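Undergrad: One letter stands for each residue in the lines below.
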Amino acid sequence: MDLNTEVLTQYLPLYQKAAVLTVKIGYFGIVLAIVIGLFCALIQYHKIPVLRRIIAVYIEISRNTPLLIQLFFIYYALPKIGISTNAESCGVAGLAFLGGSYMAEVFRSGLEAIPPIQKESAYSLGLSPLKTMFHVILPQAVSISVPGFVANVIFLLKETSVFSAISLMDLMFTAKDLIGLHYNTIEALFLLVVFYLIILLPVSVLGSLLERRVRHAGFGS
Amino acid sequence: MPDLGLEVLFKGQNMVRLLGGLGVALKISLIAVGVSIPLGILLGILMAGKNRVVKAILRVYLEIIRIMPQLVLLFIFFFGTTRIFGWDLSGELAAIIVFILWGTAEMSDLVRGALISIPKHQYESGEALGLSGRQIYFFIVVPQAVRQLIPLSINLVTRMIKTTSLILMIGVVEVLKVAQQIIEANRMVSPNAAFGVYLAVLVLYFIACWPISMLAGYLEKKWR
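Sequence order for the protein chains is A and B. Just so we're aligned: the first sequence equals residues 30 to 250 in the working numbering. Just so we're aligned: the second sequence equals residues 224 to 447 in the working numbering.
To be clear, the hints were calculated from the coordinates, so they are not data collected in a lab. Computed from a prediction, not measured in an experiment: that's the story for all the values here. Accuracy of the hints is not assured; some may be wrong.
[Stated by the list, open to error] Here are the simulated DSS-like cross-link-like pairs (lysine-lysine), alpha carbons at most 30 Å apart as the crow flies:
1. A:Lys-109 to B:Lys-234
2. B:Lys-234 to B:Lys-278
3. A:Lys-148 to A:Lys-160
4. B:Lys-234 to A:Lys-187
5. A:Lys-205 to A:Lys-187
6. A:Lys-76 to B:Lys-444
7. B:Lys-400 to A:Lys-46
8. A:Lys-187 to B:Lys-278
9. A:Lys-187 to A:Lys-53
10. A:Lys-46 to A:Lys-205
11. B:Lys-400 to A:Lys-205
12. B:Lys-234 to A:Lys-148
13. B:Lys-444 to A:Lys-148
14. B:Lys-343 to B:Lys-234
15. B:Lys-445 to A:Lys-76
16. B:Lys-250 to B:Lys-400
17. A:Lys-148 to A:Lys-53
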């Protein structure tokens, strides 16, 4: 197998464009997922009556169905009842729908891992509930959540690969398209792998640096 | 009440065909899980062991498999290896190979994690009680590791089932493909079939995965 450099240089701009789209949708989807996840986790932590049940249902549905099916449902089924979106916002919505529940689980387990004695001690030292949350509970909860959080970000970035199914011109779409057009399979796949590595490796490395940085919750355990 | 296109599901053999499609996805994931759990246990034990060369090689394998999206792996096997080696690989076979490779990597990481999470004092206490190395392994380490592992490997099954939805993209006729065919066939009669049929697919996947995740969650709580 020899790589044809001419083909590679010819394909490069196409892949760059596709990679930008993948990263863009991934970025907005993940940011939204974090917001949804935090919201859900706080509601479950504070045990707010009705909302808590609704969120539990959402989490079960979102975690037990594949992203591809969720995207198909949002993109092809919802327009039939009058909710139509373009492909890009559908991709963001699908990623946020899937990621929200994964993020919620990570944040919730982080919050629940803090023993009640921490809260009680803070109160007995005269800290207000808000100060307790920000100076005592959250710093510890965040550092417990970081490994799961990083794993989720990588997982969600990987999941963006299914967007080609709703005809978004992302990396997978470009690769499949080029294989079909010119039959330069090896070059097309080579660039596909390279571009995914360019996107995913830095996140993975930064993630493990971050994990090392915040590992101060182990105190006393 | 808008037309939801649900009636399409009950026409003729449509529901049976959808279930058959889900059957293909389930079959592939069960074969892959069945092979990758024993293989993963073996590799995981090696990775928690002492041989540095073996550990380094396995680490590379694990990282390569885990950082690539599963769809990319499917493409590499379905389009790439067939081109390079010139063999003929059906979509289903390519899917099974990829899911075995992926499942083995994930499983071995779970096993390694479970084994190295056993605190050192467990080994030392075993030695202090006069147990031999093998006795410590089988009576102290393995039972504790297995307890941690079972919920996690059950979760791996649901992840595997969810990931098999990707095989649509390499042309295997599974539940989504069947859904598309049904919608196409009924385009004229019930234009809103897409809603009912995709909803049914969503529900089918949920029914397949939810009980398994519930079991995993229950075991995790029980054995904590």
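Undergrad: Among all the numbered hints in the text so far, which are the ones the structure does not match?
TA: Hints 2, 4, 12, 14, 17 not satisfied by this model.
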